[in-house]
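Engineer: Listed below, chain by chain, are the residues.
There are 4 protein chains.
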Amino acid sequence: MNGKHTIILTITCPDTVGIVAAVSGFLSEHDAFITEAAQYGDPFSKRFFMRCVFVPGALAPSVDELEKRFSLIAQRFQMIWRMHDGDQKARVVILVSKFGHCLNDLLHRYHTGSLPIEIPAVISNHSEMRSLVEWNEIPYHYLPVNKADKTAQERALMALLDDLDPDLVVLARYMQILSPELCAQLSGHCINIHHSFLPSFKGAKPYHQAHTRGVKLIGATAHYVTTDLDEGPIIDQAVERVDHKHTPDDLVAMGRDIENVVLSRAVRYHIEHRVLMNGGKTVVFK
Amino acid sequence: MNGKHTIILTITCPDTVGIVAAVSGFLSEHDAFITEAAQYGDPFSKRFFMRCVFVPGALAPSVDELEKRFSLIAQRFQMIWRMHDGDQKARVVILVSKFGHCLNDLLHRYHTGSLPIEIPAVISNHSEMRSLVEWNEIPYHYLPVNKADKTAQERALMALLDDLDPDLVVLARYMQILSPELCAQLSGHCINIHHSFLPSFKGAKPYHQAHTRGVKLIGATAHYVTTDLDEGPIIDQAVERVDHKHTPDDLVAMGRDIENVVLSRAVRYHIEHRVLMNGGKTVVFK
Amino acid sequence: MNGKHTIILTITCPDTVGIVAAVSGFLSEHDAFITEAAQYGDPFSKRFFMRCVFVPGALAPSVDELEKRFSLIAQRFQMIWRMHDGDQKARVVILVSKFGHCLNDLLHRYHTGSLPIEIPAVISNHSEMRSLVEWNEIPYHYLPVNKADKTAQERALMALLDDLDPDLVVLARYMQILSPELCAQLSGHCINIHHSFLPSFKGAKPYHQAHTRGVKLIGATAHYVTTDLDEGPIIDQAVERVDHKHTPDDLVAMGRDIENVVLSRAVRYHIEHRVLMNGGKTVVFK
Amino acid sequence: MNGKHTIILTITCPDTVGIVAAVSGFLSEHDAFITEAAQYGDPFSKRFFMRCVFVPGALAPSVDELEKRFSLIAQRFQMIWRMHDGDQKARVVILVSKFGHCLNDLLHRYHTGSLPIEIPAVISNHSEMRSLVEWNEIPYHYLPVNKADKTAQERALMALLDDLDPDLVVLARYMQILSPELCAQLSGHCINIHHSFLPSFKGAKPYHQAHTRGVKLIGATAHYVTTDLDEGPIIDQAVERVDHKHTPDDLVAMGRDIENVVLSRAVRYHIEHRVLMNGGKTVVFK
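Chains as they are written, first to last, in the numbering used here: chain U, 32 to 317; chain H, 32 to 317; chain S, 32 to 317; chain V, 32 to 317.
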């Protein structure tokens, strides 16, 4: 990382007077030009959240030096903070089962550069997506689940993820429930797409549940994975209008478009460091 | 009702061959011009639903005669059916508590004629809305709830509704739970607006529940009242995008606009006889 | 086509009494079970539109015989009509230039069977999409445009389309203006996706126009191609919210998702014979 | 204004390094607690925009003194700026003709306190809305237009507005075209609701234009009034889905709900000082 790189600074800390002044004063003194900034103080949790994008100028010190100096301010305000290299592509590992629409959508955005990520691997408990993935010149790891010993597959998965060391894991319609251990290990950097408007219709076959209940809108929800199934912090949601004529299969088909859009938005927000955790909720600086 | 009136025919029956032919043949033979028609066969419940708007021509018999003759067809197909006078304004009684936005919205639509209804009365357990209602020259019935004996108020309410004999009762943010008896009595002609996107956030303070969960869309649901609280057949729903900045009060304020639109649409669908019941769900011929 | 096939009957004719009765009576008499039907009488153009899906029963005659007998009714009502084989996949030729998102989206829907079509060819004035298309085992025709003689390319294109004889041509971000002759030849079976909410921002670079004007929503429009550029009958549209922060490049990126959804919906409506022409407008029986 | 009042600081200036640092440093030094802040640097116009809400603490000087001291910073950065009293209700004058839905909506929000404004007067070229306005205890000024001398009415209107000295003038379906002089006089503090999704369907009868064109979505646009009819900076827009069945009258009726929501949002953004002008566009800090 050199002085020309864009840097994205994210901060969470107790809310108090003077945080913005301290941060922006620090950046100004170190010849950093702010190109984007957003902050939010939660009146309920009394936490403060900030995201600040800046370009170090000719007189700015190295990023290492910047970080070292900033740590004094960070200490004063008890900040959880990080300076991310804005030009470094995030390493995103995608997990998928048999439904390939979200995978295909993410691969297309990756392929055309519209989503600036690296995909070191796609992992699946099925083999169906191999050809698509390999056409994109991405390694495909087939880890089938043996129903008699599901934990064996997950151990292999965890070992593989350890090796790959991704910045983000995306469950792109991966139809296996992760163990609490794996959920904990991936905490804060694993996004799932659930095919309903949460908290409605948790669990299996949400479109069928929606059909049975007779709702007039269906939706999809991208959220961080936690040990509580379908209860993690929500990043984005969207809905589409349906009516009595639609069968569960119609809802499944219509839902795919919503899932694609919601999941790819959530991935974008995450890799651009726009999402900060606020207890069981998210702050998303769009 | 004379021959010039528009008639709205609604039909529900077991699905089979020849229903549309029989109905449209009957109308054609009796010089009735169909201006609007919609039908739906539910592959799950095997029920058939039809709504047909027609104008009797010069050679058509009286409506009484039409009904008499049609009953033969109806019998053959085991129809639940009715011919509604399309020019007869529905009698709509509105129940309200302290939040007046839905009431104000409905009254404005009534006042300007955009919603072709009569409002023989507004009933409330509070007095706040009296002035607004009486400015619209509508009788206001104040039925306060005595917490020691809630049933007294409901007995008075039931008696009043018996007297008024409305086609539709609208719970426009009426914050009292109706007894199973009253729910049963009003079955199929009582619409409630629930201030959440059902089935999420049933019960009290849904906007606060939504805030706590951190959803990214909030919604409102208009549904028929049944003895199962917030579980009745859904007529319409809508949502609005929210984000982390919104407090519960913001959600309440934003939700009002959604509630207005959803409730008034549901009322319109009902009074135009566009809603047919399909078990715990609705068929809505928009 | 045998008796087991689903048949989709589409009808356009002057509005008058008895059309539905005649059609449904005919189907009933010929042992055809209607599974879906929709009709509309336009009070302005005085035209009647009908779409009727039916399954011939055991006693039904052959489709040829059905058509022959139906032509008597058709003649009586001056119908423009057709019985389409509902199980026959439409032959769809896709034209594309350098932006591959709509192509990729359509190919994925084709590949997974969610869009029941055949794609005998993809044609492009560029070579970029060859690999993607050939991975899908579809012939790719590269017809580059020589700026000195644009008509040569179009002659080749017309000859190729003549050979392929498609049911539908889709301009999936094909950035060449078709000649009036080709527009006329493709009239009614060529769909274009325009990357704005028409009639706003016709012509080139609509997202840049939208940015300059400062609109708060951007959109996309799928329409039939006519000789009037971007003036053809609209099939579907959708929009997405934007704000002051979005650059033209952001709008282009966001717009892709809208274009995908709108174009694929329009293609689906067309191949399911849900779109009927009403002068310069469409009737879409969803 | 005393130290306890919330203050909303708005700033527009050329973009450069150090603005946020200077502003937030100033506020921090003067014991002001920032509760909300948003900024934006336009890479095209090279202008910087900021909105900052703060509460002066116990040690803060008077607002007059704050303003005096801040003017030094303002001068350095060539700021167009203002400190608004966040607890001062804006004085909003509403102009209306015969369609009362937007007026009714705004009055209801005013009446219930959901829109914290004062309405010193409603002005109309018709008398229809007098009763509604006076029920809300607001003076109603009836200024009929004499077609032979339209300027007489406008002179009276201008004199009245001079007297009333409003912070904002809202054209809530006021169907008269303002003269260039009046537009200039009201520049930046007069909001119009146009009943189309601009720039589509400028001018008269936009819903009829939309029906003729056969669009699949209709919309409404709130914008600042300029001398160019329907060309002023857009504050907010929204749309609703329509289809072939809708007559122009249906579109008018459906459009009312969109107009209400869009206009009331634009008014809220304006009175909360969330809208800054960026050439012919707006920056809206939601």
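These aren't lab readings, by the way, just hints derived from the structure by calculation. In this text, all values refer to a predicted model and were calculated from it rather than measured experimentally. Keep in mind that a hint or two might mislead.
You can't tell identical chains apart in this list, so a pair holds if it fits in one copy or across any two.
Said to hold, decoys possible - Below 20 Å or equal to it, Euclidean Cα-Cα: the simulated DMTMM-like pairs (lysine to aspartate or glutamate) are:
| hint | residue 1 | residue 2 |
| --- | --- | --- |
| 1 | K129 | D281 |
| 2 | K233 | E262 |
| 3 | K99 | E67 |
| 4 | K317 | E67 |
| 5 | K312 | D259 |
| 6 | K312 | D280 |
| 7 | K233 | D261 |
| 8 | K99 | D198 |
| 9 | K77 | E262 |
| 10 | K77 | D280 |
| 11 | K99 | E185 |
| 12 | K181 | E96 |
Engineer: Now look at each hint and say whether the structure bears it out.
Structural biologist: Hint check results:
For the identical chains of this complex, K129 and D281 are intra-copy neighbours only, at 18 Å inside a copy versus 32 Å across copies, given an alpha-carbon limit of 20 Å. Taking the shortest alpha-carbon separations for K233 and E262, both the intra-copy value of 9 Å and the inter-copy value of 17 Å come in at or below 20 Å. Taking the shortest Cα distances, K99 and E67 never come within 20 Å of each other, neither inside one copy (22 Å) nor across copies (29 Å). In the homo-oligomer, the alpha carbons of K317 and E67 lie at most 20 Å apart both inside one protomer (11 Å) and across protomers (16 Å), since each shortest distance falls under that limit.
For the identical chains of this complex, K312 and D259 are intra-copy neighbours only, at 14 Å inside a copy versus 31 Å across copies, given an alpha-carbon limit of 20 Å. For a Cα distance limit of 20 Å, the shortest separation of K312 from D280 across copies, 18 Å, qualifies, whereas the shortest one inside one copy, 32 Å, does not. When the C-alpha separation of K233 and D261 is checked against a cutoff of 20 Å, the pair qualifies both within a copy, at 6 Å, and between copies, at 18 Å. Neither within a single protomer nor between protomers do K99 and D198 lie at most 20 Å apart by alpha-carbon distance, with minima of 23 Å and 49 Å respectively.
In this homomeric assembly, K77 and E262 never come within 20 Å of each other (Cα to Cα): the closest approach is 23 Å inside a single copy and 37 Å across copies. In the homo-oligomer, the alpha carbons of K77 and D280 lie at most 20 Å apart only across protomers (17 Å), although the nearest pairing inside one protomer, at 45 Å, exceeds that limit. Taking identical chains as interchangeable, the C-alpha atoms of K99 and E185 are never at most 20 Å apart, the minima being 39 Å within one chain and 64 Å between chains. Proximity of K181 to E96 under the C-alpha cut-off of 20 Å is found in neither arrangement, the shortest distances being 47 Å within a copy and 59 Å between copies.
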